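Undergrad: Here is what each chain is made of, one letter per residue.
Number of protein chains: 4
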Amino acid sequence: MAATPRKQPTQARSKATVTAVLDATARVLVLEGYAKTTTNHVAKVAGVSVGSLYQYFPNKEALVMAVAERHAQAMVALLAETMSDLGDQPIRVAVRTYVDAVVAAHLIDPALHHALVMLVLQIGLEQFREIDEAALALIEVYLDERRDQILPKDRKTAAWVLMTTVESLIHMAAIERHELLRSGRLNEEICAVILRYLGVES
Amino acid sequence: MAATPRKQPTQARSKATVTAVLDATARVLVLEGYAKTTTNHVAKVAGVSVGSLYQYFPNKEALVMAVAERHAQAMVALLAETMSDLGDQPIRVAVRTYVDAVVAAHLIDPALHHALVMLVLQIGLEQFREIDEAALALIEVYLDERRDQILPKDRKTAAWVLMTTVESLIHMAAIERHELLRSGRLNEEICAVILRYLGVES
Amino acid sequence: MAATPRKQPTQARSKATVTAVLDATARVLVLEGYAKTTTNHVAKVAGVSVGSLYQYFPNKEALVMAVAERHAQAMVALLAETMSDLGDQPIRVAVRTYVDAVVAAHLIDPALHHALVMLVLQIGLEQFREIDEAALALIEVYLDERRDQILPKDRKTAAWVLMTTVESLIHMAAIERHELLRSGRLNEEICAVILRYLGVES
Amino acid sequence: MAATPRKQPTQARSKATVTAVLDATARVLVLEGYAKTTTNHVAKVAGVSVGSLYQYFPNKEALVMAVAERHAQAMVALLAETMSDLGDQPIRVAVRTYVDAVVAAHLIDPALHHALVMLVLQIGLEQFREIDEAALALIEVYLDERRDQILPKDRKTAAWVLMTTVESLIHMAAIERHELLRSGRLNEEICAVILRYLGVES
DNA sequence: GATGAATGAGAATTCATTCAT
DNA sequence: AATGAATGAATTCTCATTCAT
Chain A
-13 MAATPRKQPT QARSKATVTA VLDATARVLV LEGYAKTTTN HVAKVAGVSV
37 GSLYQYFPNK EALVMAVAER HAQAMVALLA ETMSDLGDQP IRVAVRTYVD
87 AVVAAHLIDP ALHHALVMLV LQIGLEQFRE IDEAALALIE VYLDERRDQI
137 LPKDRKTAAW VLMTTVESLI HMAAIERHEL LRSGRLNEEI CAVILRYLGV
187 ES
Chain B
-13 MAATPRKQPT QARSKATVTA VLDATARVLV LEGYAKTTTN HVAKVAGVSV
37 GSLYQYFPNK EALVMAVAER HAQAMVALLA ETMSDLGDQP IRVAVRTYVD
87 AVVAAHLIDP ALHHALVMLV LQIGLEQFRE IDEAALALIE VYLDERRDQI
137 LPKDRKTAAW VLMTTVESLI HMAAIERHEL LRSGRLNEEI CAVILRYLGV
187 ES
Chain C
-13 MAATPRKQPT QARSKATVTA VLDATARVLV LEGYAKTTTN HVAKVAGVSV
37 GSLYQYFPNK EALVMAVAER HAQAMVALLA ETMSDLGDQP IRVAVRTYVD
87 AVVAAHLIDP ALHHALVMLV LQIGLEQFRE IDEAALALIE VYLDERRDQI
137 LPKDRKTAAW VLMTTVESLI HMAAIERHEL LRSGRLNEEI CAVILRYLGV
187 ES
Chain D
-13 MAATPRKQPT QARSKATVTA VLDATARVLV LEGYAKTTTN HVAKVAGVSV
37 GSLYQYFPNK EALVMAVAER HAQAMVALLA ETMSDLGDQP IRVAVRTYVD
87 AVVAAHLIDP ALHHALVMLV LQIGLEQFRE IDEAALALIE VYLDERRDQI
137 LPKDRKTAAW VLMTTVESLI HMAAIERHEL LRSGRLNEEI CAVILRYLGV
187 ES
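Chains as they are written, first to last, in this note's numbering: chain A, -13 to 188; chain B, -13 to 188; chain C, -13 to 188; chain D, -13 to 188.
Note that these hints are calculated values from the structure, not bench results. If you're wondering where the values come from, they're calculated on a predicted model, not measured in any experiment. Be careful, since some hints might not be right.
Repeated chains share a single entry, so a pair holds when one copy, or any two copies, can fit it.
[Said to hold, decoys possible] For lysine-lysine, the following DSS-like pairs were computed, each having C-alpha atoms within a straight-line distance of at most 25 Å:
hint, residue 1, residue 2
1, K30, K1
2, K1, K46
3, K142, K1
4, K139, K30
Use the sequences and the hints to build the structure in full.
TA: Structural data, given as structure tokens:
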């Protein structure tokens, strides 16, 4: 243990700078939107010079990508943790766990999430789409394995409908129905929508 | 008399210019997004000088607002037509009619609709939100009148969930599941989601 | 008399248009200043189309020149009338008459006068300078004829000093000492300055 | 210590840029007038990019204000120096000192002064008016203290007449009677006007 | 003659990015 | 590594002037 004392002061400082810049970018992105997010402003908010910012990020897009990456990883980590052994659970429990996990993931930083979703749809941040594709694959497998317990026959479509419904309702609630999201009543309602869609008594 | 000869040549030219500019704006908005939609580019695409553009629209925002206005009116017109006497219909029919209407409205110009929804969420084009609020009110009344035929007890929340689910599924399909949207299979699936959520046998 | 009935309706209308445009220009010039005086605005205020404006004035500068011309003529007419036989008068009377005349000329339209003086000094409206040159010549002759009754030896310089002092005091009073100008007290004071400068007991 | 070595290279560069921009603005203002003074032209004349100009001045108006400020301070410094203990002097000396000081102040940069006076009268640069108000107050006090040695009874008006006469004559001479101004003959003449007006033998 | 829609060069301002210190 | 001054292409918007109707 006693080892690694006085670790690379340089790298530590670098890391602090990078973190400060990413935090600042997230903050500015939320407050101003992508178009009004200027690198000079971000640098100022981060307490760093523009030059330093460009030392770590080749351009504005990379900067925003890194913020998205970080946020996506945090969301994935939370989702993975909660849903690790979802495959063993009965549908009712699995759906509830999934919905709760997605809600929890959205509550990490709803404002940033909204800002980034906007970018996904505008600029097309691919990492974000990838998360969804991965989740979609998992849901499809899960439904396939229980094909005799559910109503929908086209499971590919059902998986997409299910995921899109869950995410859209949570996302829209985060924007315009805060109380529904925070009170936990939304979770109940979404579970009802999904379970009835699948034909599982709730 | 002689059948309105020599109609206002002046006004006709103006109207053509305005239409050309609005069309060009819609096209550029779809292809480039709001940030990269420059007034000079729009003017060029419209085959008109920037000056003419500014003769009719005081600034870029007003230009985009006008496009949104025009598109919103087209959608509302279509929705209104299809749903006029929806109140008399049994739930199953009403839901089908509603879903078909929303799908049809989204098919007027899916790409433009997407671009404008982005703006609603970014800049906050209010006309668009108003449409949703109006629809929401109608749905609430409809559910209230049939409260003993449906499962959800909190009809305010149910109305929001219903509308948000329908619109989100259609909107997302327009973006990433074109075939589902155009084939009509999405309509079936959404009806299933909604009818089961309401507890009406489909 | 009975002659000239139904005179050129065309020319009459033209004249009315020209007058309306000149009036509008003067008004806009006073309210907005030269830079913000746009031909379209002038046309609108005049109740005329830009096209008509350009029918009578080749460009903006000519328009403003015409306004200056008209104002200059009004001032000159008033000055000429009052000062016609100034040459016969004793100095005390002549100075008083001159000062009164200049004050009266400035009171025709002080705001427009100010706006135009600005332009003389900026753009260099020559007609205005010419008026001054003419007045200067008259004063020089007057002083030369009375060289033995006055103190200043260099009469060319004295004439310029005299004219400049009178005009500057009146012009500045029109801008920032309204009450002094309108009450007539300024006239007294200016006469005192001039008469004492010339060494004539007042 | 070693004699301020390695001084702020950063600040030095900045300062040079600001100075270059102000100098260029003054030059362009004189040559072209306010309306035709474009920021791009100023930047080019300053040998600097427009961006740099906007780094230090938020807009064109601020730029011109800064030029006015700098010129006003130079004039005030010169006036203050020459007139510091004017209060102790007899009228004849005081007037001569005052006139000389105003002439000297106008000779710092007559063309720029003219351009700026235009702006005072057009846009209304307030710093400039303030200088005059301050001078006016001083003159009033001076006349009040010598009320029994001078002719004018209304000393407030006399002070205004005196100051306006001196400044107008000098200003107009700077525009159209260069030789009078530079030769020093104007100073003599203005002193004569003022001293006789006050009733002090010259 | 009158109209006013159309034109487009030109002006102010912004901001991603570079590079000398 | 950090700094922040400098750059200039790109963008929004204005307005004198023209010309088809």
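Undergrad: For every hint, state whether the structure bears it out.
TA: Hints, verified against the model:
For a Cα distance limit of 25 Å, the shortest separation of K30 from K1 qualifies both inside one copy, at 17 Å, and across copies, at 22 Å. For the homomeric pair K1 and K46, the shortest alpha-carbon distance inside one copy (19 Å) is at most 25 Å, but the shortest distance between copies (30 Å) is not. When the C-alpha separation of K142 and K1 is checked against a cutoff of 25 Å, the pair qualifies neither within a copy, at 43 Å, nor between copies, at 48 Å. For the homomeric pair K139 and K30, neither the shortest alpha-carbon distance inside one copy (55 Å) nor that between copies (50 Å) is at most 25 Å.
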